[in-house]
Amino acid sequence: MKSAVVVFPASNCDRDAAVALEQLTGKKPAMVWHHDSELPDVDLVVLPGGFAYGDYLRCGAMAAQSPIMRDVKTKAEKGLSVLGICNGFQVLTEAGMLPGVLMRNAELKFVCRPVSLDVEETQSAFTRKYEKGQRVSFPVAHGDGNYTADEATLDRLEGEGRVVFRYAPGDNPNGSARNIAGILSRKRNVLGLMPHPERVCDAALGGTDGRPLFESLVEALS
Amino acid sequence: MTEITPQLVREHGLSPAEYARIVELLGRAPNFVELGIFSVMWSEHCSYKSTRAHLRRLPTRAPWVLQGPGENAGVIDIGDGDVAVFKMESHNHPSFIEPYQGAATGVGGIMRDVFTMGARPVAMMNALRFGAPEHEKMRHLVSGVVAGIGGYGNCMGVPTVGGEVNFHPSYNGNILVNAMCVGLARADRIFKSAAKGAGNPVVYIGSKTGRDGIHGATMASAEFSEDSQEKRPTVQVGDPFTEKLLLEACLELMATDAIVAIQDMGAAGLTSSSAEMASKGGSGIVLDLDRVPQREEKMTAYEMLLSESQERMLAVLKPGREAEAERIFKKWELDFAVIGTTTDTSRFVVRHEGKTVADIPVHALSEEAPVYQRPFEKRAAIAEEPAFDRTKPLIESLVKLIGSPDLCSRRWIWEQYDWSVMADTVQAPGGDAAVVRVHGTNKALAITTDVTPRYCRADPFEGAKQAVAEAWRNLTAAGARPLAITDNLNFGNPEKPDIMGEIASCIDGIAEVCRALDFPVVSGNCSLYNETNGEAILPTPAIGAVGLIVDVRRMATPALKRESDAIILIGETKGHLGQSLYLREIEGKENGGAPVVDLAAERRHGDFVRGLIESGKLDTVHDVSDGGLLVALTEMAMGGGMGARIARGDSADAIPFCFGEDQGRYLFALPATEADRVLREAARAGIPAILLGQTGGDRIAIAGVGEVSIDALKRAHEAWFPGYMSNAELPPTN
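Protein chains in written order, with this note's numbering: chain A, 780 to 1001; chain B, 254 to 987.
In short, the hints are calculated from the structure, not lab data. A hint or two may mislead.
Here are the simulated DSBU-like pairs of lysine-lysine, each with C-alpha atoms no more than 35 Å apart in a straight line [unchecked claim]:
{"no.": "1", "chain 1": "B", "residue 1": "Lys814", "chain 2": "A", "residue 2": "Lys911"}
{"no.": "2", "chain 1": "B", "residue 1": "Lys814", "chain 2": "B", "residue 2": "Lys967"}
{"no.": "3", "chain 1": "B", "residue 1": "Lys653", "chain 2": "A", "residue 2": "Lys888"}
{"no.": "4", "chain 1": "B", "residue 1": "Lys967", "chain 2": "A", "residue 2": "Lys806"}
Take the sequences, apply the hints, and build the full model.
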């Protein structure tokens, strides 16, 4: 599996994503600069966490308009797998590649802590190596992770099995509707999630619950 | 031309004698621009004029110290060609006036100090002191400071991994925000600030210059009064996005060999950075202000020279390398301008609109800056034995203490900091030291900040000793070899002999521990005039320390890990209650003497504990500090979600035994089968060690006294901070 990580000027989890990808795919990902207009030939693109262009405007709003995102969007429509983590999820919603928005956390504060998640769907390239209903722990680190959409959209997401990760009951860190932590696109090739699977791929960091996500991708896309 | 009147001189914070000296050095009266330049360069903040004579007593050398004080940050060797670069710095005055931006720009400033040296910042710590919780401004200050630190550090993608927080009424009008940054670099890629050679281009990089922060350094060199809120416009506004670009662009430029010298523009901005670089390089400098990127129109030379706009750097390049550097900064969409050149005249010359607006010998701004031997009086240390009620119920006191403002969980704070970004944080906030792996290796840095200001008030010498010793102990408890410290000396007005006495004694205390434990000072910062309406803060010499864990698979954490482990206490327990949190929180008294640190014992005990960790026999250790033995044990139990049963020891007096703050002690837990051998080893080494009890169950139980569930302790521990921050009504503090 060949992968790429998009680097916006204030991406700050680009290295973490690259380390996890190299560790679990055996290949260094290509690092793609936001000004570039074309992605290299890859099977997976990761939009990493961080603050893109500072996010002084709505998080991800400017990044969604960057030159590289045009190509990401075009290729995603043709089936390219895209993983947006944290700020990457915000960029995906701003780019219209995923429905809904990520609002300010309900408590109006940045929050960084491990959260318990339930894996709701294993019918995806991102989660096939998890068990359905498996409880995992990933850290979150964001100020704007409060997933919101209208009721009809939420019902559709649920009905189509596109809610992939849900915060465990009582462990919703940001007020997200229906405890939603991560969702798939209609074609199931784009995943956006607020928690950081790339920070739990190394036992020394307190867990390896993120590894199956990357192992799933390797199995599905190789 | 503005006339230089005695009134104007006074407004610039210069004394008549200092002004006379300026006239003597120049051979004429300064003009208005020059007066502004002298006022910042000779300010306490930039010149260290009150402390310089005393700071010389601090030990700064060791074989592993590659750069001691005098550069933007200290540098220590951590093996394999890797170095750690670190410094702690205060942003106290601005944070009191405008907490979010004051704290945020404090974080930005200390990060620049570290990446100026060529290092990538990998960890942030902060030492915060707030006033009494019930003070009307305090919630606003706590929430603003914490949000500001998080807002800046989180965007930078540098984990904020720990720190310390105290509340005390002496900080009501002068909170302290001390931020520490630790970076990693290669030993052969360190950058310094000496602008050597003539004819080299001087380049300006980063943000544009605006009218913000003018005279920030002068503000930081005076006391506050009722009208200090009027100084709000002197506080700078941070832009972490630009700083992130500046970090990446500087590191990219540093990968070339185009740089002769580089320095961040911090306090006193363009003036201080250029004058210091010229001074260190033994060169002169000519600046052309018309080329400085400006955010506002019609800025005067005075404003540009004294602006403290953030996220700016000054570099001296090798001739002919400008285009290469410019390409990098354009890529990162930052301003880049050649604004001057180095000369061989040893003069600091500034041109604006075709005219020379300042022409000063460089040495007049640096070496000739005043150094004062201010009169000082050393106060006698308080040595009284405090009285206390021996009948107070011990378990109730424990629950109160663990939920008190100075001992309760800091989760409300550190959950607002991204402590796990960079994916190398192997010990998160909440332990004795934070531990951050050296990326791509099995080595790690242990980092801590420590000081107990109430000890320093009772006994400045012993209190400062304790601060350094506790930092050493915290690193040791994680299994690290302590290497070096950075000191952030926060005091009141040095023109008062008793404050100057506190400063002198604290420096002596720090120096004594540095020598005894081979733990030199490699960088630091002084923040004086922390007074409002004549009331000084507690003497607060905050110590930031860094140690090396050779193999991160052999480190220790405080959390209890296994049932039926033996719990062993290292060090002597006399039951010292003077200045203890027990006295303050339970008896409502702040009296008695500070505990004394026996440095020979400190070293013996620490080396013994570290040896056990490094040998792989020990993974559960906590130092015993604030709150004493029972608080330390409770923290270990809460961390592991596991109880412990202990005997009261052979002391007849349970309260001093459980809550005394005697120094040089560690608690640890290890499999019971190892206990006898370890106790025998300790005895052979002449180290006091007692078997205190064993782990297990869901409660802390003290034989013959009582017990309390871990759940109840956790509830008390976690409740105070969120309750305080969310409630209009204060939860009771005792």
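- Can the restraint linking Lys814/B and Lys967/B be considered satisfied, given a maximum Cα separation of 35 Å? 17 Å, holds
- Task: For the pair supplied as a hint, Lys967/B and Lys806/A, confirm whether the alpha-carbon distance does not exceed 35 Å.
- Result: With a Cα-Cα distance of about 45 Å, the restraint between Lys967/B and Lys806/A is violated, given a limit of 35 Å.
- Task: For the pair supplied as a hint, Lys814/B and Lys911/A, confirm whether the alpha-carbon distance does not exceed 35 Å.
- Result: 31 Å, holds
- Task: Quickly compare the C-alpha distance for Lys653/B and Lys888/A to 35 Å and report which way the hint goes.
- Result: 28 Å, holds
Against the hints set out earlier in the document, a violation occurs for number 4 only.
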